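Fit chain B to the supplied structure of chain A, relying on the hints for placement.
Residue numbers (my numbering), protein chains in the order written: chain A, 1 to 329; chain B, 1 to 329.
Be a bit skeptical, because a hint or two may be false.
[To be verified] Listing some non-contacts, in silico: residues in chain B with all C-beta distances to chain A over 12 Å:
| no. | residue |
| --- | --- |
| 1 | Val14 |
| 2 | Gln144 |
| 3 | Glu146 |
| 4 | Val150 |
| 5 | Gly225 |
| 6 | Tyr275 |
| 7 | Asn301 |
[Stated by the list, open to error] In silico lysine to any residue, SDA-like type, Cα no more than 20 Å apart, as pairs:
| no. | chain 1 | residue 1 | chain 2 | residue 2 |
| --- | --- | --- | --- | --- |
| 8 | B | Lys213 | A | Phe328 |
| 9 | B | Lys97 | A | Lys97 |
| 10 | B | Lys272 | A | Glu276 |
| 11 | A | Lys272 | B | Val323 |
| 12 | A | Lys272 | B | Lys213 |
| 13 | A | Lys120 | B | Leu273 |
| 14 | A | Lys113 | B | Lys113 |
| 15 | B | Lys272 | A | Val323 |
| 16 | A | Lys142 | A | Thr132 |
| 17 | A | Lys120 | B | Asp39 |
| 18 | A | Lys142 | A | Gly79 |
| 19 | B | Lys272 | A | Asp39 |
| 20 | A | Lys97 | B | Ser37 |
| 21 | A | Lys213 | B | Ser329 |
| 22 | A | Lys97 | A | Asp39 |
| 23 | B | Lys113 | A | Glu276 |
[Stated by the list, open to error] Which stretches of chain A does chain B cover? Using the computed rule of at least three CB atoms under 8 Å from a CB of chain B, they are:
| no. | region |
| --- | --- |
| 24 | 20 to 33 |
| 25 | 51 to 65 |
| 26 | 97 to 105 |
| 27 | 227 to 233 |
| 28 | 311 to 323 |
Everything labelled a hint here was simulated from the structure, so no lab data went into it.
Here the structure is a predicted model, which means the values were calculated and not measured.
Yeah, the Cβ is synthetic: ideal placement off N, Cα and C, and Gly gets one too.
There are 2 protein chains.
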Amino acid sequence: MDEKDQITYAADIVSIKEAHRRIGPYIHRTPVLTSGSLDSLAGKQLFFKCECFQKGGAFKIRGATNAVLSLEDDQVAKGVVTHSSGNHAAALSLAAKLRGIPAYIVIPKNAPKCKVDNVKRYGGQIIWSETTVQSREAVASKVQQETGAVLVHPFNDKRIISGQGTISLELLEQIPEIDLIIVPISGGGLISGVTLGAKAIKPSIRIVAAEPKGADDAAQSKAAGRIVTLPHTNTIADGLRAFLGDLTWPVVRDLVDDIITVDDREIVEAMKLCYEILKVAIEPSGAIGLAAVLSNQFRNNAAWKNCNKVGIIISGGNLDLNVLWESFS
Amino acid sequence: MDEKDQITYAADIVSIKEAHRRIGPYIHRTPVLTSGSLDSLAGKQLFFKCECFQKGGAFKIRGATNAVLSLEDDQVAKGVVTHSSGNHAAALSLAAKLRGIPAYIVIPKNAPKCKVDNVKRYGGQIIWSETTVQSREAVASKVQQETGAVLVHPFNDKRIISGQGTISLELLEQIPEIDLIIVPISGGGLISGVTLGAKAIKPSIRIVAAEPKGADDAAQSKAAGRIVTLPHTNTIADGLRAFLGDLTWPVVRDLVDDIITVDDREIVEAMKLCYEILKVAIEPSGAIGLAAVLSNQFRNNAAWKNCNKVGIIISGGNLDLNVLWESFS
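Okay, chain A solo, but in the shape it has when bound (with noise of 0.2 Å):
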């Protein structure tokens, strides 16, 4: 028996399914879309799990959503309290408002417009944190000595990890001949979830991360057997720039099949195909997957030649689209 069969991930199909029943009242079961034009560009079949038409415009609001229902009344009394770039923190004021409890939202500056809009759209009291990951932490702790709120971090929580999981549930009840899913990876809440899902009830299912090259610490923690942060990140996916968490990364080290990592040029143009291809309105988070399964970095890869049907887990749409609109008046 070697190491790896004794350790206990944060989450199991057992916690994934019991998310699934406390949250499905309460979320859509999202379309899968498929594309003749797309499939002959990446050479296999794709389907994609379209999360930017969940609730929130993200699949933040499955776990979001478990964390808050799973909360004992006197535990939430005094509210919830968060630090995200954005969809988290919407999700979580609707998960909040769903339980009619207060939700404070630590965003860094940098935070994309319309996902600071969905925060107040959805009443979440906004706490501003400048941009590094130690700022976030440190304005959400003290909202939290004030507040008596509950913390919910965005990933490293077991509720939240099961709660992400639900969607291999949807995606293998929706598509059961998947033998491969591409998620993208930024803390590692969606893709521990997914992966502890989709690997329980397809053991033989394959699931690579997709991550930016400008944020590239899971790839780096992968090679290096360790979880390595970075001084800084660059990239145009504001959704992919958290570090993993020590509940995500030993799913990320022993489940994960590879991790494949692009540019923000590739992301661009993943995006385009989206908009143009599968008319799918994404931020550049969301089209991270689809990248990934146009690189050379995937398609060189021997590993996944016997691969053909492939999920692509289209993580989020919240993108400011000010220039768009500014064109037709």
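Here is chain B on its own, set in the frame of chain A:
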């Protein structure tokens, strides 16, 4: 027995069901999306039938495929020809490719580039015309004589109308409780098919057309009780500039319950909501149904007070987005 009972319209539930069986293997069953935020804005429960996700990016493939597959071998041996501002053009090219015959496409010079690109992508042979209906028809007629190709009219054709009507079969299967459907109107092929299909399945259902103020020939026709054409049109909705034909007019006259007109500002506002809230990448014509349901003309109409579950057909998603991509470079 009044006069209406004696009228036979261009399609019926039999021809529509036949069309669905014929085209089923070649089209997408498009998903229906919902949004709590848009429901709140409209004060109704909205169900968006997303034909922007259809093959070719618009509903047009339904009618075009039905027409091309309905023809006998000797009829289509020399190919098909049409004139279209874009979406029917691409759809006919795709349908012809399916059958291995040439498609000759007459396109007015002012068609959006992305629609012309779609025609090229699907292997259609492009012949340019001036922008008027007269020029489009004259050039198509000439091509028809020279090549021996069969004309497949974009809307004034029983097979086209039956094909577009398949949307109703799907929509009322997906959401049977819908009590009103809002449909963009141009030449009337889409709304005729949808109306004949929906009212056969559910006679109590109401059908409302949405039309741009700058091309309001259908509203004027309905008011005058005869087909009215306009000397010129002026609207951002490039897919909604055609006039009714003799096969579509009787349906609009007798069975379409009302026509709501909206201006270009309202169309752009609805587009913005579609991109930013619903996360679908659509063209102006595709947004007009949402614009109509949000208009005062609709809200203040007592006839729709009890219609609370509204189907909206998002007709297509082919829009030039270069201004957006340039902003990333």
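Hint check:
no. : hint                   : in the structure
1   : Val14                  : holds, 30 Å
2   : Gln144                 : holds, 29 Å
3   : Glu146                 : holds, 31 Å
4   : Val150                 : holds, 25 Å
5   : Gly225                 : holds, 35 Å
6   : Tyr275                 : violated, 5 Å
7   : Asn301                 : holds, 28 Å
8   : Lys213(B) to Phe328(A) : holds, 17 Å
9   : Lys97(B) to Lys97(A)   : violated, 52 Å
10  : Lys272(B) to Glu276(A) : holds, 16 Å
11  : Lys272(A) to Val323(B) : holds, 12 Å
12  : Lys272(A) to Lys213(B) : violated, 31 Å
13  : Lys120(A) to Leu273(B) : holds, 17 Å
14  : Lys113(A) to Lys113(B) : violated, 31 Å
15  : Lys272(B) to Val323(A) : holds, 12 Å
16  : Lys142(A) to Thr132(A) : holds, 16 Å
17  : Lys120(A) to Asp39(B)  : holds, 18 Å
18  : Lys142(A) to Gly79(A)  : holds, 14 Å
19  : Lys272(B) to Asp39(A)  : violated, 29 Å
20  : Lys97(A) to Ser37(B)   : holds, 14 Å
21  : Lys213(A) to Ser329(B) : holds, 17 Å
22  : Lys97(A) to Asp39(A)   : violated, 40 Å
23  : Lys113(B) to Glu276(A) : holds, 12 Å
24  : 20 to 33               : holds (count 3)
25  : 51 to 65               : holds (count 4)
26  : 97 to 105              : violated (count 0)
27  : 227 to 233             : violated (count 0)
28  : 311 to 323             : holds (count 3)
Hint compliance for this structure: hints 6, 9, 12, 14, 19, 22, 26, 27 are broken, all remaining hints hold.
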